[in-house]
Amino acid sequence: MDIPLGKNVGNSLEVIEAIDVLNNHGDPALTELCLQLSASLLNLAGKGNEDECYMLCRKSLESGSALKKLAEIVSSQGGNANYIYNPALFKKAEKSQDIFAAQSGYITKIDTEKVGNASVLSGAGRLKKEDGIDYSAGIIMHKQYGDSVQQNEPVATVYGDNEEKISSAALLINAAFTYSKAKPERKEVILDKISKETLSL
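If you count the sequence shown from 1, position 48 lands on 48 in full-length UniProt numbering, and the numbers rise without skipping.
One or more hints might be untrue.
[Stated by the list, open to error] Subject to a maximum C-alpha distance of 25 angstroms in a straight line, what follows is the list of computed PhoX-like cross-link-like pairs (lysine-lysine):
hint: 1; residue 1: 165; residue 2: 95
hint: 2; residue 1: 143; residue 2: 92
hint: 3; residue 1: 143; residue 2: 165
Hints in this document: simulated from the structure, not taken from any laboratory.
My request is simple: use the sequences and hints to build the entire structure.
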């Protein structure tokens, strides 16, 4: 993976982003990826052709049935489904630090390995198996590959409850961004598809 698929990195932050998609208010690119993946799975399960399955998935977002199904799954496992309908209930990180664009121009690369490691440093993951996890910690990317930016414009924010961890993560996030005066070529998130037809070849 050479570009982040969404804008949020971290436990609660990613759940909130997933809820936004299921609530039909998600990032357009991430929503489209989820629709395409879901449609392909339904197609492989024999629920119709690709177009029919895509429309089934689209309707489930628009009708609210996709979000309702997630709430049912959470409830069936003993969770509190109120969080699905009201993501503001998720614990908020106590501290945050913004990362600013080093120069004006375009974002030509976001090093996803650095982003992942920064998430761990923020407290969202473990360096050792005995380490605890801060479920509110993580990163929100305000800018993505190909976006134009002005110098000192916020490109990301690191969240957590430990200033030292946040500072370490922020340094790594800052190093993850590469800028150029020239606009980069568009990158497709979906390069190709595997379908029942291609599997039978």
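Problem set entry | Those earlier numbered hints the structure runs against, lowest number first | Structure breaks no hint.
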